[in-house]
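*Asks:* Chain by chain, the residues:
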Amino acid sequence: MTALARHRRLSAAWASGPGWKGWFSTVNHSDVGRMFLVTAFFYFLVGGILAMLIRAQLATPHSAFAGPGIYSQIFTMHGTIMMFLFAIPAIEGMAIYLLPKMLGTRDLAYPRLTAYGYWCYFFGGAMLLVSLLFGIAPDGGWFMYPPLTGRIHSPGINTDFWLIGITFVEISAICAAVEFTVSILKYRAPGMSLARMPIFAWYMLVVSLMILTGFPPLILGSILLELERAFGMPFFQVELGGDSLLWQHLFWLFGHPEVYIIFLPAAGVVSTVLPVMASTTLIGYRWVVAAAVALAILSFGLWVHHMFTTGIPHMGLAFFSAASTLVAVPTAVQVFAWIGTMWKGTPRLHLPMLHILGFFVTFVIGGLTGVMVAVVPFDWQVHDTAFVTAHLHYVLFGGFVFPILAGIYYWLPLASGRRRFFRLGNVAFALIFIGFHVTFLAMHWVGLMGQRRRISTYAPEDGWTAINLISSVGGFVLAFGLVIVLIEIVLHLVVPRRSRRNPWGAGTLEWAVPMPPPAYNFASLPRVTSREPLADDPDLGVRLARGEGYLGDARGGLRETLMVDIATGEPEQHVVYPANTRLPLVMAAVTGVFFLSLLLKLYWLTPLALAGVAVLGWRWVWQLGSDTDLGCQPVGHGLALASASETDRPPGWWGSAFLLVANATLFGSLLFGYAFLWTVAPGWPPAAFMEPSLLVLVAAPAGAALAVAGIALAVRRNRIGGDPTAALLAALAGALCLAGAFALLLAGAPHPTGHAYGATLWVLGCYGLVHALLVALMLAFLLARQRAGYVSRSRRAELAIVPVWTGYLAVVTALILAAVYLPGFAA
Amino acid sequence: MSDLLRILVSPAAWLACFSAIYGLSGIVCAAGPGAAVADGSGPRMVLVIAFLLAVLLQVGLLALVWSARFGAEPGLVRVVSRISAVTGLVATVWTLFPVLAASACL
Ligand code: HEM
Numbered sequence: 001m002t003a004l005a006r007h008r009r010l011s012a013a014w015a016s017g018p019g020w021k022g023w024f025s026t027v028n029h030s031d032v033g034r035m036f037l038v039t040a041f042f043y044f045l046v047g048g049i050l051a052m053l054i055r056a057q058l059a060t061p062h063s064a065f066a067g068p069g070i071y072s073q074i075f076t077m078h079g080t081i082m083m084f085l086f087a088i089p090a091i092e093g094m095a096i097y098l099l100p101k102m103l104g105t106r107d108l109a110y111p112r113l114t115a116y117g118y119w120c121y122f123f124g125g126a127m128l129l130v131s132l133l134f135g136i137a138p139d140g141g142w143f144m145y146p147p148l149t150g151r152i153h154s155p156g157i158n159t160d161f162w163l164i165g166i167t168f169v170e171i172s173a174i175c176a177a178v179e180f181t182v183s184i185l186k187y188r189a190p191g192m193s194l195a196r197m198p199i200f201a202w203y204m205l206v207v208s209l210m211i212l213t214g215f216p217p218l219i220l221g222s223i224l225l226e227l228e229r230a231f232g233m234p235f236f237q238v239e240l241g242g243d244s245l246l247w248q249h250l251f252w253l254f255g256h257p258e259v260y261i262i263f264l265p266a267a268g269v270v271s272t273v274l275p276v277m278a279s280t281t282l283i284g285y286r287w288v289v290a291a292a293v294a295l296a297i298l299s300f301g302l303w304v305h306h307m308f309t310t311g312i313p314h315m316g317l318a319f320f321s322a323a324s325t326l327v328a329v330p331t332a333v334q335v336f337a338w339i340g341t342m343w344k345g346t347p348r349l350h351l352p353m354l355h356i357l358g359f360f361v362t363f364v365i366g367g368l369t370g371v372m373v374a375v376v377p378f379d380w381q382v383h384d385t386a387f388v389t390a391h392l393h394y395v396l397f398g399g400f401v402f403p404i405l406a407g408i409y410y411w412l413p414l415a416s417g418r419r420r421f422f423r424l425g426n427v428a429f430a431l432i433f434i435g436f437h438v439t440f441l442a443m444h445w446v447g448l449m450g451q452r453r454r455i456s457t458y459a460p461e462d463g464w465t466a467i468n469l470i471s472s473v474g475g476f477v478l479a480f481g482l483v484i485v486l487i488e489i490v491l492h493l494v495v496p497r498r499s500r501r502n503p504w505g506a507g508t509l510e511w512a513v514p515m516p517p518p519a520y521n522f523a524s525l526p527r528v529t530s531r532e533p534l535a536d537d538p539d540l541g542v543r544l545a546r547g548e549g550y551l552g553d554a555r556g557g558l559r560e561t562l563m564v565d566i567a568t569g570e571p572e573q574h575v576v577y578p579a580n581t582r583l584p585l586v587m588a589a590v591t592g593v594f595f596l597s598l599l600l601k602l603y604w605l606t607p608l609a610l611a612g613v614a615v616l617g618w619r620w621v622w623q624l625g626s627d628t629d630l631g632c633q634p635v636g637h638g639l640a641l642a643s644a645s646e647t648d649r650p651p652g653w654w655g656s657a658f659l660l661v662a663n664a665t666l667f668g669s670l671l672f673g674y675a676f677l678w679t680v681a682p683g684w685p686p687a688a689f690m691e692p693s694l695l696v697l698v699a700a701p702a703g704a705a706l707a708v709a710g711i712a713l714a715v716r717r718n719r720i721g722g723d724p725t726a727a728l729l730a731a732l733a734g735a736l737c738l739a740g741a742f743a744l745l746l747a748g749a750p751h752p753t754g755h756a757y758g759a760t761l762w763v764l765g766c767y768g769l770v771h772a773l774l775v776a777l778m779l780a781f782l783l784a785r786q787r788a789g790y791v792s793r794s795r796r797a798e799l800a801i802v803p804v805w806t807g808y809l810a811v812v813t814a815l816i817l818a819a820v821y822l823p824g825f826a827a
Numbered sequence: 001m002s003d004l005l006r007i008l009v010s011p012a013a014w015l016a017c018f019s020a021i022y023g024l025s026g027i028v029c030a031a032g033p034g035a036a037v038a039d040g041s042g043p044r045m046v047l048v049i050a051f052l053l054a055v056l057l058q059v060g061l062l063a064l065v066w067s068a069r070f071g072a073e074p075g076l077v078r079v080v081s082r083i084s085a086v087t088g089l090v091a092t093v094w095t096l097f098p099v100l101a102a103s104a105c106l
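Going down the list, the sequences are from chains A and B. Residue numbering for the first sequence follows full-length UniProt numbering, starting at 1 and increasing by one per position. Residue numbering for the second sequence follows full-length UniProt numbering, starting at 1 and increasing by one per position.
Mixed in with the good hints, there may be bad ones.
Stated by the list, open to error - Some residues of chain B that are not near chain A, with every Cβ distance over 12 Å (derived):
| id | residue |
| --- | --- |
| 1 | Phe18 |
| 2 | Gly26 |
| 3 | Ile49 |
| 4 | Ala63 |
| 5 | Leu96 |
Said to hold, decoys possible - With the Cβ distance kept under 8 Å, some of the chain A side facing chain B (calculated, not the full set):
| id | residue |
| --- | --- |
| 6 | Trp287 |
| 7 | Val293 |
| 8 | Ala294 |
| 9 | Phe300 |
| 10 | Gly301 |
| 11 | Pro313 |
| 12 | His314 |
| 13 | Gly316 |
| 14 | Phe319 |
| 15 | Ala322 |
| 16 | Ala323 |
| 17 | Leu326 |
| 18 | Thr679 |
Please keep in mind that the hints were generated in silico from the structure rather than gathered at the bench. Don't be surprised by glycine CBs; every beta carbon is placed ideally from N, CA and C.
Required output: the full structure, derived from the provided sequences and hints.
*Replies:* As structure tokens, then:
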């Protein structure tokens, strides 16, 4: 087959639908990555316009531009949009677009999940945007502290938009994190061992694990606050056994790692781009990997440093102050590795490099002011002043926006196949750099002079007028620079000047795909023998296009790829991806109906929407697998591999395992909240404990045991060629019995609005009930698949996935029962 | 997965101990003002013992990650897991050291 014929065959299998209609059904990572990036930069524009409104307001004293009410909406939406609708989605978009290309494969692990994540982001973001347009946007600050955001002080719908909209958007982050984790661990080019992985993939692996463990506390917090607002469950109301500090803990358990979730991918971009700009390789690759891991985990131990002024005892302050100073060490390791890399190589001052230098200067200053605010007495002085806002922009803008701009200029030729024509970028960089430092250096200064953040006005006699005016002028210079970047990118896309292949002389695999990349990325998959395959073999791209790698014969119009062993990268399984479908879009829309029904308090619609999600989920999984045994599939180079549906560790097993990591973190946060209220909140212990119910105490463990034993037996019977139906039915009965036990538990629980104790028990019971029903649905699905002929002795993959969920259900059942009944027994 | 575990175990153990001892300090203070100053009182000793146990755990993990039996094959994972193990130990000593010196409940 010629390279052209192969290209045509692969394109026919992989291309998305024609025209703009194709956007709605595409599941291809390049398409969805671009959609993420465009939407994220649209939100950057919106957030930027809001920033200009803030600076316009603060430019002069007693400004009549916006009143305090509107100003609160503006800064809240600015912070919220920048953090949740720009920064995180921009990272997701970049990684979705780049990772498969860098890893030498054809797509991410779950293409439909990629698309579903995008549409959740799209609809959730739209909800927030609508609130902004109608003047009912959230106004409690981007961290939404109760009691300000409780029902008494914020009675309108504004706060609900935040809680519900952001939870909706976060589904996309969780989807992306599961997707990245599994893709990086299991979907790589043959031979790409962990040690040969591109550094960006290491960073994204670390970040994905952080998202899986960092986002659930906020999702939980949002659920609890919304339950308090909508149904009066007093989790944060101190007079009824709640505590507003619980919100701060849950928020910052998420919020501090979030800062590193934003920074680390940007650091990954720097570690990738900088060595290429310096014509060398990254110094201390292993140390950089270790530093990223250390930074990620240390960042989870810093959350209380946002709460230094809440009256925490000295020892607690000292713990978190020490931890906060410690993160400077792994950060410095990376910075030294970058400096060493520049020292070793010969840096070329191309545009991406300019942005990296901008990053260095800005981020190091931000890091130093970070160490300043880690020192408790200093923090007490500057807390809630413009100094802190200035610091956070130095780390966020410096640590994220500069590297992202470097990345955009670096990978733009890859995405478009063109080279820059107008050289506006250098002017833009100068304006951004100067504008940024003028704006935010000045804000440090007024902050030290006492100007509070989030306050819409000040008096001339405060003496802050000139500095604020300078800061605002800087802000507009910065905005002007960013607009020029936008203009340049548009010009780049409309002026057709073809770029040569691999224009920067990079060594990583994304530059081995044709430019712009076709939907299938690689006509055949490479075998990797080093960290920089393209540096070893500059003709690799041509050889792959000729079909010299794996899966080069484009069989049967299928979207094929390989799964590999985590450590060695040796091929393990043959995977066929699902094709284009509107299912993710429809599923996200129905998920949106669920969230809208909560927002608009149309509670009759909520169960209908949930049923819709369940039906679509059923359909989603039904489309996978095969009703005939496929046997080993030839993948090239004389190798034949088991098809993914005929293994014990299919893609769904890996996805379930990592999704359960996030789920377990959410559950752990709930238990933490319960323990926190118990030990810290006033009004505990409650007046009366819940009466133990013998029925629940018998039915719940029995149901859980039956479910676990039933599914284990079904797996065993299937393995020896027997009929698993009876065992599956027994497991289903167990799950339903367990659901019944949780319903009974809820019926006997104290009223959830009387005291935080009752409210917490209620949430614990609902958590168990939902999981029992979910496992029952999975078991019913397995039975239906079994009857329809999708399960056989070799097609055992689906049977392998459900035990993971059943086991999890059994563990949480034990913990819920202990949490609900033990205190009563002890008392 | 075992490679990932080798890399993550020590810093993750630090995080667990760090959060647990922070929680413990809350419980100790809720129980009474006995641990208010850096003396040898019972509640203070609870914290100090917890600190020492955490350090011991890290030393144990470091030894495991370094050992030929449980450690990784030579290469990237071995180096990274050893650096992570040292990080876990240093982080434990550095961030929990205040139990020896700071007043607990003020
Ligand atoms: C485009 C240039 C930007 C300018 C001129 C700007 C300006 C400002 C100003 C003046 C405030 C303080 C509002 C107040 O406290 O009264 C603020 C708050 C904030 N900004 Fe920005 N910003 C910019 C970009 C960003 C970016 C890129 C991010 C994040 C990725 C970001 C995140 C935040 C957050 C989280 C807050 C706090 C909001 C709150 O207090 O609730 N900003 N910004």
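*Asks:* Compare the structure with each hint and give your call.
*Replies:* Hints versus structure:
no. : hint   : in the structure
1   : Phe18  : violated (5 Å)
2   : Gly26  : violated (6 Å)
3   : Ile49  : holds (15 Å)
4   : Ala63  : holds (18 Å)
5   : Leu96  : violated (7 Å)
6   : Trp287 : holds (7 Å)
7   : Val293 : holds (6 Å)
8   : Ala294 : holds (5 Å)
9   : Phe300 : holds (5 Å)
10  : Gly301 : holds (5 Å)
11  : Pro313 : holds (5 Å)
12  : His314 : holds (5 Å)
13  : Gly316 : holds (6 Å)
14  : Phe319 : holds (6 Å)
15  : Ala322 : holds (5 Å)
16  : Ala323 : holds (4 Å)
17  : Leu326 : holds (6 Å)
18  : Thr679 : holds (5 Å)
Of the hints listed earlier, those the structure fails to meet are numbers 1, 2, 5, in rising order.
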